[in-house]
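Got chain A sorted already, so can you dock chain E onto it with the hints?
If you want the building blocks of each chain, they are given just below.
Protein chains: 2
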Amino acid sequence: MQPTQTTTLAPRVLARDLAAVPHGEPATLAGWIHRRRVLASVTFLVLRDRSGLAQVVVKDRETVEQLAGLPEETVVEVTGIVSTNESAPGGAELVEPTVTPLTEPAAAPPTELWRPTFGAGLPTHLDHAAVTLRHPRHRAAWQIASASMRGFRSALGALEFTEIATPKLVGTATESGANVFTVDYFGRTAYLAQSPQLYKQMLVGVFERVFEVGPVFRAEPHDTVRHLAQYTSLDAELGFVRDHRDVLAVLRLAIAGMVEAIGEYAADAAALLGVELPRVPDEFPVIHFSDALAKVGADPDEPDLSPAHERALSEWAKTAYDSDFLAVEGYPMGKRPFYTAPEGYGPNGPRGSSGGARGAEPPVGSNSFDLLFRGLELTTGGQRLHRPSDYAAAMARTGTDPAVLAGYLDAFAHGMPPHGGFAIGLERWVGRLTGAENIREVTLFPRDLHRLEP
Amino acid sequence: MQPTQTTTLAPRVLARDLAAVPHGEPATLAGWIHRRRVLASVTFLVLRDRSGLAQVVVKDRETVEQLAGLPEETVVEVTGIVSTNESAPGGAELVEPTVTPLTEPAAAPPTELWRPTFGAGLPTHLDHAAVTLRHPRHRAAWQIASASMRGFRSALGALEFTEIATPKLVGTATESGANVFTVDYFGRTAYLAQSPQLYKQMLVGVFERVFEVGPVFRAEPHDTVRHLAQYTSLDAELGFVRDHRDVLAVLRLAIAGMVEAIGEYAADAAALLGVELPRVPDEFPVIHFSDALAKVGADPDEPDLSPAHERALSEWAKTAYDSDFLAVEGYPMGKRPFYTAPEGYGPNGPRGSSGGARGAEPPVGSNSFDLLFRGLELTTGGQRLHRPSDYAAAMARTGTDPAVLAGYLDAFAHGMPPHGGFAIGLERWVGRLTGAENIREVTLFPRDLHRLEP
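For the protein sequence lines, the chains are A and E, in the order given.
Throughout the first sequence, residue numbering follows the working numbering, covering 1 to 454 in sequence.
Throughout the second sequence, residue numbering follows the working numbering, covering 1 to 454 in sequence.
Hints are supplied without guarantee of correctness; some may be wrong.
As the list claims (entries may be wrong) - Chain A regions said to be covered by chain E (calculated; three or more residues, Cβ under 8 Å):
#1 70-80
#2 383-389
Unchecked claim - On the chain E side, residues computed to face chain A include the following (Cβ under 7 Å):
#3 Trp32
#4 Arg50
#5 Leu169
#6 Ala178
#7 Val180
#8 Thr182
#9 Phe207
#10 Ala394
#11 Ala396
#12 Pro417
#13 Glu453
Keep in mind the hints are simulated off the structure, nothing from the lab.
Where is the CB? At the ideal position from N, CA and C, for every residue including glycine.
Okay, chain A solo, but in the shape it has when bound:
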């Protein structure tokens, strides 16, 4: 936790700072009534604010009666005397309180939020997210997400990446024709961007190194525990790389920044959820796709790794390298998007520079990778094609009309450096860290096939 900041707001002590007030001095807390515990001779009021919980001891009969009319979640200001008390949470409590409601008495939440474990199922949580996100465990999961974004930006900012903001409304859905939402755009059809991929590449031509943290949209027609119709993508792209290994090195720095920021800004949240932060090694261990297939005993012609393969490979990396991360490189070109660079791709275009013939034996590998984290694919990244003639070949190979990508192909015709990048799914990262069974548990107001509310 960082130190309290002063603002010009009303004087108020945060729950976590109560013990720093000298014993016997007055103090004002403000927050939500987290819990009332009525005993025979005393009522304990637990107050929740953004910093945590504080205990208020109520003995005065009038205040005890007042509290009977102020249910849990009512927002109040409480002024009293600080009493140092080792048995109180945080080492201090407020006594002789005056309680002032700041709004009307709260309605009862769908489940008691003060219980350490969230007491209702996922549908109840999602239907009432505005209230149930207040449960400390839900709140903590997003605090980890927030800190992760901060760490991602901080790491890339230190490497002179420029933050970009790219169009979410696009005229063509050619990056991947499937699973795209259509928008009525002033009477024309537009699409919601599935990723900032094409724009971040174009902007490497302007800024060399760019990143974007923003929403991406997938009209995912399947109801799974790990897909959403909108999620937050942490995207980066950089120029003047030798190959995908340079991209992987930057990905490692970004993830190290994310882990560090969780430790700095969300340590309490991580502790509450029992999150064990991963050690980020000096280099991610790397295995080639064909070796990975062999390692898990899969058919050498398999074009992709199954979830079971990913889990097995992660276990192997944990044993062999004591690493929670494993990069798999050299995926077959056939399963990768058209802008993917083949293995051995360079400025002067050696092996595979035509984009890789499909069905050749053995299949042409790519300069791309997946990063596995604790058994799950967290990130896809790699080197991209950068020569205009390679794009022309890729268009021809995939039967894409270059006219629909004219604005994008412009960048390559006018000079682009060797480059590559990656994208991390924020919610997937947090889900894996916290061990959530369903990605919706760690998403604010998730969107899916069935859910557009709240």
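For chain E alone, coordinates are given in the frame of chain A:
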């Protein structure tokens, strides 16, 4: 400019660091051929990278001939000997170079990018943005935008705001029924969010202080120089405020952070564009709406300020307070959204708590403000209603069916603190700072009534 960071990428000297290499030592630059100047006995090659420009002196005939085949914008690596030379830009140049192209020779850009002033009109720029954004003046404008986002987050992070990511696909368009894009959402109709307003309020109930930097969407049917179909909104919302003045104080800190970050991370860009950074006063001067009308000689019944009024008021603030900023508070309730708190609004609901009767004489003012910056409305903000009964009254007054906002109203029924917030339009901010005549000049790939490409 911050110091160069080391990564594991290929050894390369940035243009701005060339003079730090000892005279006579070898160095490798990499970047775009910005300009070739062919004189009788020497060819000057100006190389552009993310840090700026560097000069390369070519005397060797073979290299001169090679350069004839490498047009401007071709990406090259240049290895040579550093020569300290006071007449060279930056104080050093590279001599005896070996030039290695990193891609194919570039096609000619739509206008020469090396000329100090961008030589084509706005339509040409926007049609070829992937290339023309490379012009140093265009690039500089976005570097100011990027630094501004960084400063915004840094200021709010220091105040313990939690970053949020809210749905851009929403089920109801009730915040403002007009100018909304519709999306085919798995066979249902969804809308693109016009702002994160309702979500950031709900999340004040979870985190107290939240911010989001993200895209917002307006189906703006008018072709103006200051509206876009998508722009970047810097949104903040915080709880436990006394009134809108506390919100304004945080807005001031956010803007101070933005200005400071431009000075720290985009000073060269600001200098190139002749941007005079505003002084951020210790407090923004504030004028009441009714006094503002009187000051500009407008009819006291006017419900809003015209652009001409805003300019006149800004001029007055500059003269009276030496301030580029002026907050106008107390706008009539009638022109503000339903969640706006009326003047005098407090936890215990004094004057105007019903939301303000329309047509009353004089009209009920609101606890909201506009912030004018150099003649233009930059930000709208203010205090919101927080009591459930006030929302019930506002729903009734505006004829809104509470059922369509059920998920939002949930937050208030279950206890919300007094709160407020604001939103800054990023592109509008940068446009005003740089003196752009059209907001499209400072937007990456703008979207409007006519434009969905590139």
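query = Going back to the hint list, which numbers does this structure go against?
reply = Violated hints (numbers, rising): 6, 7, 10 and 11; every other hint is consistent with the structure.
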